[in-house]
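Chains as they are written, first to last, in our numbering: chain A, 17 to 235; chain B, 11 to 273; chain C, 431 to 651.
These are calculated hints, taken from the structure and not from any lab test. All values derive from a computational prediction rather than experimental measurement. Accuracy of the hints is not assured; some may be wrong.
Okay, the calculated beta carbon distance ranges per label pair [claimed, not checked]:
1. 145/A to 67/B: 42 to 48 Å
2. 511/C to 55/A: 44 to 50 Å
3. 636/C to 149/B: 29 to 35 Å
Where is the CB? At the ideal position from N, CA and C, for every residue including glycine.
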Amino acid sequence: MTLDWSVVWQHRDALAAGTAMTFALTVATMAVAVPAGIVVAVLRMYGPPPLRAAATAYVELFRNLPLILVVYWAFYVVPILTGLGLSALATGLAALSLNVTAYNAETFRAGINSIRRGQAEAAMALGMSRSQALRRVVVPQALRRITPVLASTWVSLFKDTSLVSVIAVSELAYVSMQLRAQTFRVLEMLTAMAVLYWLLGYPQAKLVDWIQRRYQVTE
Amino acid sequence: MTAGDAAADAGDRRKAGGATILRYRDVVKRYGTFTALAGVSLDVHAGEVVCLIGPSGSGKSTLLRCTNGLETLDGGDIEFEGTRLARDERGLRTMRQRMGMVFQNFELFPHQTALQNVAEGPRTVLRMPTAQAERRAAAMLAKVGLADKAANHPAALSGGQQQRVAIARALAMEPDVMLFDEPTSALDPETIGEVLSVMKALADEGMTMVVVTHEMSFARRVGDWVAVFDAGRIVEQGPPVRIFDAPQTVRTRDFLGHLGWAG
Amino acid sequence: MDFDLAVIADNWRFLAYGVLVTIVLSIVSGATSLAAGLAIALLRLRGPRWLRPIVVLYVDSMRAVPVLVVLVWTFFALPIVTGLTMSPFTAALIGLTVHLAAYAAEIVRAGIESVRPGQTRAAVALGMSPAQVMRRIVLPQALVRMLPAFGSLLSITIKDTAIASVIAVPELMRQSETVAGQSFQPIEVFTFAMLLYFVLLFPVTRGVDAVYRRVAHLGRS
Numbered sequence: 017m018t019l020d021w022s023v024v025w026q027h028r029d030a031l032a033a034g035t036a037m038t039f040a041l042t043v044a045t046m047a048v049a050v051p052a053g054i055v056v057a058v059l060r061m062y063g064p065p066p067l068r069a070a071a072t073a074y075v076e077l078f079r080n081l082p083l084i085l086v087v088y089w090a091f092y093v094v095p096i097l098t099g100l101g102l103s104a105l106a107t108g109l110a111a112l113s114l115n116v117t118a119y120n121a122e123t124f125r126a127g128i129n130s131i132r133r134g135q136a137e138a139a140m141a142l143g144m145s146r147s148q149a150l151r152r153v154v155v156p157q158a159l160r161r162i163t164p165v166l167a168s169t170w171v172s173l174f175k176d177t178s179l180v181s182v183i184a185v186s187e188l189a190y191v192s193m194q195l196r197a198q199t200f201r202v203l204e205m206l207t208a209m210a211v212l213y214w215l216l217g218y219p220q221a222k223l224v225d226w227i228q229r230r231y232q233v234t235e
Numbered sequence: 011m012t013a014g015d016a017a018a019d020a021g022d023r024r025k026a027g028g029a030t031i032l033r034y035r036d037v038v039k040r041y042g043t044f045t046a047l048a049g050v051s052l053d054v055h056a057g058e059v060v061c062l063i064g065p066s067g068s069g070k071s072t073l074l075r076c077t078n079g080l081e082t083l084d085g086g087d088i089e090f091e092g093t094r095l096a097r098d099e100r101g102l103r104t105m106r107q108r109m110g111m112v113f114q115n116f117e118l119f120p121h122q123t124a125l126q127n128v129a130e131g132p133r134t135v136l137r138m139p140t141a142q143a144e145r146r147a148a149a150m151l152a153k154v155g156l157a158d159k160a161a162n163h164p165a166a167l168s169g170g171q172q173q174r175v176a177i178a179r180a181l182a183m184e185p186d187v188m189l190f191d192e193p194t195s196a197l198d199p200e201t202i203g204e205v206l207s208v209m210k211a212l213a214d215e216g217m218t219m220v221v222v223t224h225e226m227s228f229a230r231r232v233g234d235w236v237a238v239f240d241a242g243r244i245v246e247q248g249p250p251v252r253i254f255d256a257p258q259t260v261r262t263r264d265f266l267g268h269l270g271w272a273g
Numbered sequence: 431m432d433f434d435l436a437v438i439a440d441n442w443r444f445l446a447y448g449v450l451v452t453i454v455l456s457i458v459s460g461a462t463s464l465a466a467g468l469a470i471a472l473l474r475l476r477g478p479r480w481l482r483p484i485v486v487l488y489v490d491s492m493r494a495v496p497v498l499v500v501l502v503w504t505f506f507a508l509p510i511v512t513g514l515t516m517s518p519f520t521a522a523l524i525g526l527t528v529h530l531a532a533y534a535a536e537i538v539r540a541g542i543e544s545v546r547p548g549q550t551r552a553a554v555a556l557g558m559s560p561a562q563v564m565r566r567i568v569l570p571q572a573l574v575r576m577l578p579a580f581g582s583l584l585s586i587t588i589k590d591t592a593i594a595s596v597i598a599v600p601e602l603m604r605q606s607e608t609v610a611g612q613s614f615q616p617i618e619v620f621t622f623a624m625l626l627y628f629v630l631l632f633p634v635t636r637g638v639d640a641v642y643r644r645v646a647h648l649g650r651s
């Protein structure tokens, strides 16, 4: 068995591009899924009953589906349903966003609910309105609990971007597997893919640990 | 002669004639730079109820935990039934079988019923067959007045009931000495009485007991010997009559005064 | 847009087989990763000192690398290294176990560390050996406390089996892809697949929650 690791170096530009796409997908998805998650969470907690039910149904649905299926479904079904001719990239982004928004909504909801009701009551007893109490007392505390979870979701999302490779979006996994097919250097390319993800993901995981330690809830 | 000198008070000691079950000699225990025990000497004789009183953080519980090896000594000696406390785990385990410990937070095993809790020691440590262990457990539960709660999990029991089960669990090992670490401090006032009754009954049967407690009336009525702790030392020890009615040292008087002890 | 359910009816056996494979793969890899996770956690907590950094490295690495990458590497690259060929199902089983065991190990470790130290003290005071303390007192309580987290992990396991479609394991995702490709009716097929997965997954976390609520008191010390 002869191994030729130079193929990895030869194609470093393509791999770098794939990596950049992975990051871009992650950032773009979070940019959508954080505000959207807040909206869904607020609807779920404070909205009128029909919206509350819809928000709950949305969250429960997407938390109970495999992301890879959502990706396929978005790719084949959304163009037909909406009549839009979306690129694979946009479709992948949509699928990721739908998925992560649901998780974020749950994170925000749990974070806000975890603040003892007495906090809001104490604030309102001082004369604050409900929204003031939320903004100045509950949300800042909830953020301390939410931040570590969001960081963890970020890392999961980073890994989940690999799933849009199945609809030929040129992120790192797709690029690596294309190169494998082109060069026939299976072990080298797949190992390089694993190592690259490891190099990117390991520091992120450690950062999440640090964030969790720093925001440790001591109540 | 200092107020904490045990030998000098031996004449007042009712049960000094019995065998020495526990002997503490200049026991030292440090946690980093903090000295929890700064040279404690004390004897416990067979059948005695020795009560350790004093402010929080004065070292009473630490001494108890050193007794059965849950904490290691940094200086001095502890002798149990004439033998120095073992240094190795296996030796300690054997000695622990003859000491019973009751904790402030009961520490019943939540995944087991009261009967299983009490039978656990005989079963797992003494390797008794389950049926025999459970028979002994049933007897112990009856002894503390909880025969009808044998099938209940701790979650279904009140604090006082849980602590009584904990006492039964320790008794099931048939120990030579019972160590109580603030047994009633975590209890509601209504349930303290039932636990103290069980402890008094044990004392009346002749069990050797070392009790860390804030229940001064218990120490006064049931104790045979009282040691007053302060900042890691015994500042005074003697029969309860003397300690409570005629304390010799300022520290003791201060401590009792702060408790509102009016005799 | 009309919804033609005939394609589902015509291919139901094929899809049902996919459901079966999904369930079997989930249960088996769930069990193996639980067993492995338990062993790894105990090794980390009570094993030799030099083993700990290795375990930490393994656990953190699985947090860094996507499941897709692990599965693809196991199926395509591992045979080159070992010289052994394996079926897609076996590769998926190995890959999923290796990946999930890391998470299971963390859950077990957190569970064990969440048992009050007083419980250990009480058990030691009775004269139990460390092994007895772990086996009879700490682990039983820890296992109860870990139930919700394990429910989550089972849910994740089932979802991750869908990724095994990439290495041609005939589970539900793969079977759906095949039917959708052959029939040119992706909407019906994939929507039906979504329904099936939802029906599989929704009760899992709910069920675990319900069980946990009934036994939670057994873990609360």
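Going through the hints against the structure:
A hinted range of 42 to 48 Å for the beta carbons of residue 145/A and residue 67/B is consistent with their spacing of about 46 Å. The beta-carbon spacing between residue 511/C and residue 55/A, approximately 48 Å, falls within the hinted interval of 44 to 50 Å. The given range of 29 to 35 Å is broken by residue 636/C and residue 149/B, whose C-beta atoms sit roughly 45 Å from each other.
Taken one by one, the earlier hints fail for this structure only at number 3.
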